[in-house]
Amino acid sequence: MIDIYLDNLFGFFDKGGFVLYIVFGIALFLWTLLIERYIYISFEYKKYKNSLINELKEASFSKKFKEEIKKYLIEDSNIKLKSGLSFIKTLIIVCPLVGLLGTVTGMIEVFDVMAINGTSNVKSMANGVSMATIPTMAGMVVALSGILFEKKLELSIKYHTDKLYLEISKVL
Amino acid sequence: MIKIILASALLVTSLFSLDLNNLLNNVKQTSNKELQEEKQRLEEFLNNKQKQQELLIQTKKELKEENETTKQLKKQIEKLEEELSQKESELTVKIGDLGEMFGSVRQTSADFLTNYQRTFTASQFPQKEEIFTKFSNSKKLPTIEELTSFWHTMLDEIIQSGNISKYEANVISNNGEKKLQEVTRIGLFSAFSNGEFLKYSTDINSLIELSIQPSSTFKSEAKEFEQSTNEIKSILIDPTKGTLFEMLGNNPTLLDRVHQGGIVGYIIIFLGVLGLIFAIYKIISLNLIYSKIKKQQKDISNYDESNSLGKIASVFYKNINDSISNLEIKIGEEILKETNNIKKGQSFVKLLAAVTPLLGLLGTVTGMIATFQAITLFGTGDPKLMAGGISTALITTVLGLITAIPLLFAYTYISSKSENIVSILEEQSIGMLAKTLKQND
Numbered sequence: 001m002i003d004i005y006l007d008n009l010f011g012f013f014d015k016g017g018f019v020l021y022i023v024f025g026i027a028l029f030l031w032t033l034l035i036e037r038y039i040y041i042s043f044e045y046k047k048y049k050n051s052l053i054n055e056l057k058e059a060s061f062s063k064k065f066k067e068e069i070k071k072y073l074i075e076d077s078n079i080k081l082k083s084g085l086s087f088i089k090t091l092i093i094v095c096p097l098v099g100l101l102g103t104v105t106g107m108i109e110v111f112d113v114m115a116i117n118g119t120s121n122v123k124s125m126a127n128g129v130s131m132a133t134i135p136t137m138a139g140m141v142v143a144l145s146g147i148l149f150e151k152k153l154e155l156s157i158k159y160h161t162d163k164l165y166l167e168i169s170k171v172l
Numbered sequence: 001m002i003k004i005i006l007a008s009a010l011l012v013t014s015l016f017s018l019d020l021n022n023l024l025n026n027v028k029q030t031s032n033k034e035l036q037e038e039k040q041r042l043e044e045f046l047n048n049k050q051k052q053q054e055l056l057i058q059t060k061k062e063l064k065e066e067n068e069t070t071k072q073l074k075k076q077i078e079k080l081e082e083e084l085s086q087k088e089s090e091l092t093v094k095i096g097d098l099g100e101m102f103g104s105v106r107q108t109s110a111d112f113l114t115n116y117q118r119t120f121t122a123s124q125f126p127q128k129e130e131i132f133t134k135f136s137n138s139k140k141l142p143t144i145e146e147l148t149s150f151w152h153t154m155l156d157e158i159i160q161s162g163n164i165s166k167y168e169a170n171v172i173s174n175n176g177e178k179k180l181q182e183v184t185r186i187g188l189f190s191a192f193s194n195g196e197f198l199k200y201s202t203d204i205n206s207l208i209e210l211s212i213q214p215s216s217t218f219k220s221e222a223k224e225f226e227q228s229t230n231e232i233k234s235i236l237i238d239p240t241k242g243t244l245f246e247m248l249g250n251n252p253t254l255l256d257r258v259h260q261g262g263i264v265g266y267i268i269i270f271l272g273v274l275g276l277i278f279a280i281y282k283i284i285s286l287n288l289i290y291s292k293i294k295k296q297q298k299d300i301s302n303y304d305e306s307n308s309l310g311k312i313a314s315v316f317y318k319n320i321n322d323s324i325s326n327l328e329i330k331i332g333e334e335i336l337k338e339t340n341n342i343k344k345g346q347s348f349v350k351l352l353a354a355v356t357p358l359l360g361l362l363g364t365v366t367g368m369i370a371t372f373q374a375i376t377l378f379g380t381g382d383p384k385l386m387a388g389g390i391s392t393a394l395i396t397t398v399l400g401l402i403t404a405i406p407l408l409f410a411y412t413y414i415s416s417k418s419e420n421i422v423s424i425l426e427e428q429s430i431g432m433l434a435k436t437l438k439q440n441d
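Chains A and B, in that order, give the protein sequences.
At position 43 of the first sequence (counting the first as 1) the number is 43 in the UniProt record's numbering, and the numbers step up by one without a gap.
At position 131 of the second sequence (counting the first as 1) the number is 131 in the UniProt record's numbering, and the numbers step up by one without a gap.
Derived by calculation from the structure, the hints in this document are not laboratory data.
C-beta atoms are modelled at their ideal positions from N, C-alpha and C, and glycine is treated no differently.
Among the clues, some could well be false.
DSS-like cross-link-like pairs, simulated, lysine-lysine; straight-line CA separation at most 30 Å [what the hints assert, rightly or not]:
id, chain 1, residue 1, chain 2, residue 2
1, B, K178, B, K219
2, A, K80, A, K70
3, B, K294, A, K15
4, B, K166, B, K241
5, B, K295, A, K49
6, B, K61, A, K70
7, B, K311, A, K80
8, A, K80, B, K292
9, A, K47, B, K311
10, A, K70, A, K82
11, A, K170, A, K49
12, B, K140, B, K178
13, B, K417, A, K158
14, B, K350, A, K89
15, A, K47, B, K350
16, B, K295, A, K80
17, A, K82, B, K311
Short derived list, chain B residues pointing at chain A, Cβ under 8 Å [to be verified]:
id, residue
18, Q127
19, I405
20, S416
21, G431
Bound-form chain A, shown alone:
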C-alpha cells in the first residue's frame, strides 16, 4: 500500500522536474521554521518570560528610567519572538517565483521538443508541459499554506508582546 503511494510520489517528482525539488526544499525549510517558531512560543518563551519577571521582582531601578527599561525589555522579547519571521515571509514570497521559474523552464523544454520534432507530436511535448504546470501549482500551494500560518504566528506574537507589557507593568 505504502509502495503505491511512494511510487505515485516519485512519479510526481519526475514529472515536475528539478524545479519541483527546489519548491519541495523551500517548503520543507518553511515548515521547519514555522514549527520551530510555534514550539518556541509555546515552550521556550514561557520559561524566558517567567525568569524575566522573577528577575525584575528582585531588581530595583531608578524611577527616572522606568519607562525606558520597560520599553527595552518588551522590545528585546519581541526581537526574540520575531527572529526568523522575516525569513519565513521571504520564503513565502519566493515560492511562487520558483514556481514561475518552473513554468518557464518547462516551456523551454516544450519548445526544444518542438524545434526537434515539430508540432505534430503532442505527446512528446506533454513532458515539458507537466514540468511547467506542476511546480507552479506546488509553489502556489506551499505559499498559500505558509501565508495562513505565518499570519496566525504574527497575531500570536502581537498578543504575547501585549501580554508581556501588562505583566511587566504589574511588577515594575
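Based on the hints, put chain B in the right spot on chain A.
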C-alpha cells in the same frame, strides 16, 4: 547499161529455176526421212507403253507408302509436341520458384548490407561488406556454396550484434588524426575507446569520436568498463544506435542558452552579479558591526567608541545627569547618524531584486515581438523559425527569476540584520543602558 541489167536479171532467174528444182528434190528426200523416223518413234513409243504403265503403278504404290509414313510421323510430332509443352510448363513452374528465391536472396542481401553498413560491426569485420555487395549486385544465380556462406555470414552478424567485443580498429579523433586503437563495442549500440564514445561513419567507413561527448561520469564509466574483465558494470549505451548521441550535439549548452537571452539577458546578468557582489559586501559589513555591538552589549559600562553602541554609551554616560528628555534628544541625534550608516545601500539591493524580474518581462515581450515578426513574414508553418524569439523570451524570464530569487533572500537578510541593529540602538539604547547603570550601583 539496161542491157547489162536485163542480161544479169535473166541470168539470175535462170539460176533460180535451177535451184528450186534442186530444193524440191531435197525436201522430198527429207520428208521421206522424217516420216520414216516418225514411224520408227511411234513404233518405239508403242513398245514402251506397256513399260510406262508398269512404272506408273509402281510410283503410285510408292506414293501411298510415303503418305502413310508421313501420317505416322505427324502423329509422332504431335505426341512429342504435347510432351514438350508439358515439360515446358513443368519447367516454368520449377523455375518460377527458384527465381523468386534468388530475388529474395538479392533483396535480403541488399537490406542486410544497408543495415550492416550503418553499424559498429562494420568496423570490426570490413570483409563482410564484400560478400553482401556481391550478392546484392549479382545477376547470376548463386551456387549452393555461396548461398551457404551468405547464410553463415548473416548468422555471424546476428551473433556479433549481441556480443561485447574488443578489437583493434582505426579511429579518427576530434583533431583529425587517424590512429589504430583498441575499441570496445557493445552489440550494435555503442562503441568507445579510451573512454571516448565513438560513432561509425558510412561515408568514410571509419570510427569517429563524437564531437560532443556525454557527461564525464559516463565517460569514466566507459573507461572502467574497458579495463574490466568479467565484471558487471554499468555503462551508457544508445539504444537508437547513435541517433541520440548525435542529438546530444544539437542540445544547447548552458552557455548557448545564456547567449539566447540576447542584450536583455546580458543586462540582467550584469545587474545580478553587481547586486550579488554588493549584497555580499553588505552582509559582511553588517555582520562585523553586529558582532562588535554584541560584544559591547555584554560589557556596556566599559564602552569603546569604535562601534555604534559604544558611541551611544559614551553620549549616555557623559550626559547622565541631564533630564530624561534632554538625554533622549542627544542620544537620538547620535543614533540617527549611525542608522544612516547602517541602512546605506540597503535599498539598492531591493531595487535590483525588483528590477531583474521586470527586465525578464521586458525580454519576454521583445522576444515575443521577434516571434510575431517571424510569423508575419513566414507564417506559422515552421515552428523552428519562431524558436529564436521564443527562446529569448523564455531565457530572459528565467534569468530574471534566477537573479531575483537570491537577491530577494540577500535583501531579507540585510534588512532584518540592519533592523535588528537599529532596534538595538534606537529603541533599546536608553533602557538597556539604564538597566546596566542600576545594576552596577
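Now for the hints, and whether the structure bears them out:
For the suggested pair K178/B and K219/B, the alpha carbons sit about 21 Å apart, so the restraint of at most 30 Å is met. Under the criterion of a C-alpha separation no larger than 30 Å, the hint pairing K80/A with K70/A is consistent with the structure, at around 16 Å. For the given pair, K294/B sits about 48 Å from K15/A by alpha-carbon distance, which is inconsistent with the 30 Å threshold. For the proposed pair K166/B and K241/B, the alpha carbon gap of about 18 Å is at most 30 Å, so the pair holds.
Note on K295/B and K49/A: the hinted pairing holds, with a Cα-Cα distance of about 24 Å set against a maximum of 30 Å. A distance of roughly 166 Å separates the Cα atoms of K61/B and K70/A; the hinted pair therefore is violated under the 30 Å criterion. With a CA separation close to 25 Å, the supplied pair K311/B and K80/A stays within the 30 Å bound. Between K80/A and K292/B the CA atoms are separated by roughly 19 Å; this keeps the pair inside 30 Å, and the hint holds.
For the hint pairing K47/A with K311/B, the CA-to-CA distance comes to about 34 Å; that exceeds 30 Å, so the pair is violated. For the given pair, K70/A sits about 18 Å from K82/A by alpha-carbon distance, which is consistent with the 30 Å threshold. Restraint check: the Cα-Cα separation between K170/A and K49/A comes to about 14 Å, which is no more than 30 Å; the hinted pair holds. For a cut-off of 30 Å, the pair hint linking K140/B to K178/B is broken: about 39 Å separates their Cα positions.
For the given pair, K417/B sits about 21 Å from K158/A by alpha-carbon distance, which is consistent with the 30 Å threshold. Proximity of K350/B to K89/A is assessed by CA-CA distance (about 15 Å); at most 30 Å being required, the pair is judged to hold. Distance hint between K47/A and K350/B is unfulfilled; the C-alpha atoms sit about 38 Å from each other, more than 30 Å. About 18 Å separates the Cα atoms of K295/B and K80/A, which keeps this hinted pair within 30 Å; it holds.
Proposed proximity of K82/A and K311/B is supported: the alpha carbons are some 27 Å apart, at most 30 Å. Of the supplied interface hints, the one on Q127/B is violated, with its beta-carbon coming no nearer than about 38 Å to a beta-carbon of chain A, more than 8 Å. Proximity of I405/B to chain A holds as hinted, the smallest CB-CB distance being about 6 Å (cut-off 8 Å). At its closest, the beta carbon of S416/B sits 4 Å from a beta carbon of chain A; the interface hint therefore holds under the 8 Å criterion.
For G431/B, the suggested interface contact is upheld, since its CB lies about 3 Å from the closest CB of chain A, less than 8 Å.
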